[in-house]
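As a plain string of letters, each chain reads:
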Amino acid sequence: MASFTAVKLKFINTSMNSQFIQSLIAGIFIGGLAGYLGSLMVTKKMALAGDALGHVALPGMGLALLLGIDISIGAFLSLFVGVIFIWLFGLRTALPMETLVGIVFVASLAIGFLIIPQFELVEALVGDISNVTQSMAVVSVFLSLVIFFILRKLYPGMILINISEDLAEVRGIKVKLYNLAYLLLITAVVSLGVKITGSLLVGSLLIIPAATSRNLSNNLRQYSLISIFMGLLSCIAGAFLFRYFNVPAGPAIIIVSTIFFLASLLKKK
Amino acid sequence: MSRMLEVKNLSIELERNLVLENLSFGVEPGETLVILGPNGAGKTVLLKTLLGLLPHKGTIEWRKGIKIGYVPQSLPVIKDIPMSVQDFFELENISEEETKEILKSVGIEEDALEKGINQFSSGQFQRILIGWALIGNPDVLLFDEPTTGIDIGGEETIYNLLEKLKDEKGLTMILVSHDLSVVYKFAANVLCLNKKLICTGLPKEVLTKETLGQLYGSEIKIYKHEHE
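Chains G and X, in that order, are what the protein sequence lines are. My numbering numbers the first residue of the first sequence as 1 and each following residue consecutively. My numbering numbers the first residue of the second sequence as 1 and each following residue consecutively.
Hints listed in this document are in silico derivations from the structure and should not be mistaken for laboratory results. Treat the hints with care, since some could be wrong.
As the list claims (entries may be wrong) - Under 8 Å between C-beta atoms, here's a sample of chain X residues computed to sit facing chain G:
1. K48
2. I68
3. Y70
4. P72
5. I78
6. I81
Unchecked claim - Below, in silico cross-link-like pairs of lysine to any residue (SDA-like), each with a Cα-Cα straight-line distance of 25 Å or less:
7. K176/G / E13/X
8. K204/X / G26/X
9. K176/G / L95/G
10. K104/X / R221/G
11. K100/X / F125/X
12. K100/X / Q124/X
13. K176/G / P55/X
14. K67/X / L154/G
15. K153/G / V77/X
16. K169/X / A168/G
17. K79/X / R221/G
18. K57/X / R171/G
19. K64/X / N22/X
20. K44/G / S74/X
21. K79/X / I102/X
22. K67/X / Y178/G
23. K174/G / E13/X
24. K268/G / K79/X
Note that the structure is a prediction, hence the values are computed from the model and not measured. Yeah, the Cβ is synthetic: ideal placement off N, Cα and C, and Gly gets one too.
Based on the sequences and whatever the hints tell you, model everything.
See the structure below:
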């Protein structure tokens, strides 16, 4: 009986270990990718777009939780619908885009609160990396790599657009196409990110590593590399805090990355 | 040789305001044209329209196959991005050697390559922007409001630099300025603009008391021409 319990415990331990490794791997890839994309968003002064979109993802995540499908799929669909609504509103009114995004984002938040059962609400809001299955981890890694290589290809053009759309256009860059691709990439990364930090905190996955990197770097190469590094390091640290101290991973990741940011402020300008 | 640029009956309307009306002019190869006018006259709008950035009526015809370089008035956002001079040039995928060569030609020292783009004075930054516009060896340079100041520690002004580049590379130039002295510093053709075409031709001939009054308002009474 005792040996049976020991075997059972060992089994739980290994399954927990492999669970942990899956979470860790998903965190490393998604965190690094979010850091990389964030480096573009911070230069475009679009740092809060990730936050707004994170909230827009909530109703879809709720549906996904109810139906038992991957929350990233729900998030992506929700974001897609949300972006279409923002676009349609834009056609009907002269109100600034920011206001329309604001409306769609609070409405989504409200819908999300209504349809997500109490028990799952916290998971949707702050994430739960212990839910990452093996197939989810594999898919996350694959998608992260695909998005990373697309981003890397578009990065110089995006930076040029951030500097000046006119200059980019004169140089033959299709600015509208780039901006569309940019929006889609943000949508995709937010959809992946909600798995790690939940809807409420996904924006910080995009902003904080890039902000830290901005303080530490002197050139573009350092800037993007440190952003990636800060993103994945925060996720690793968050995952370990979750594993060994039972702290919810989402908030832990954000707190760790905020500590890195605070440390970066020590560097003289 | 055909003209570099031929503009016919150009009208530009932005947000239902007629910014420019029925403008026609041309630019010859090797010519320097200064688009002169007060603030709000529609100069930058014209420049951007020539670059194909704004919708318009009428025709704008560049000679086939020519390359255009554009030097914008300023790039405020660039200082928020951690970027070295080399990074800035690498956005256009050119080699370090080419970058060094271009920098040399605009009077920026080679060791500036690694320096952050936000560490330059506005005069030096303008040189970097000119250098950037020279990537790919353009035939025409469009320049929005060159600064009139002299660099501290250097006697060569932006105008000397532009003259030099013009001689070396045979560039055609279109400059926008609100500054009358620019026209005389360059022995250039002038196109005076205040919502509509007021005068066009050689400065000495077309910049009269009347046209300047139309251009800058009638309160301008005294105008000295130093070269006479």
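Violated constraints from the hint list, given by number and in increasing order
none
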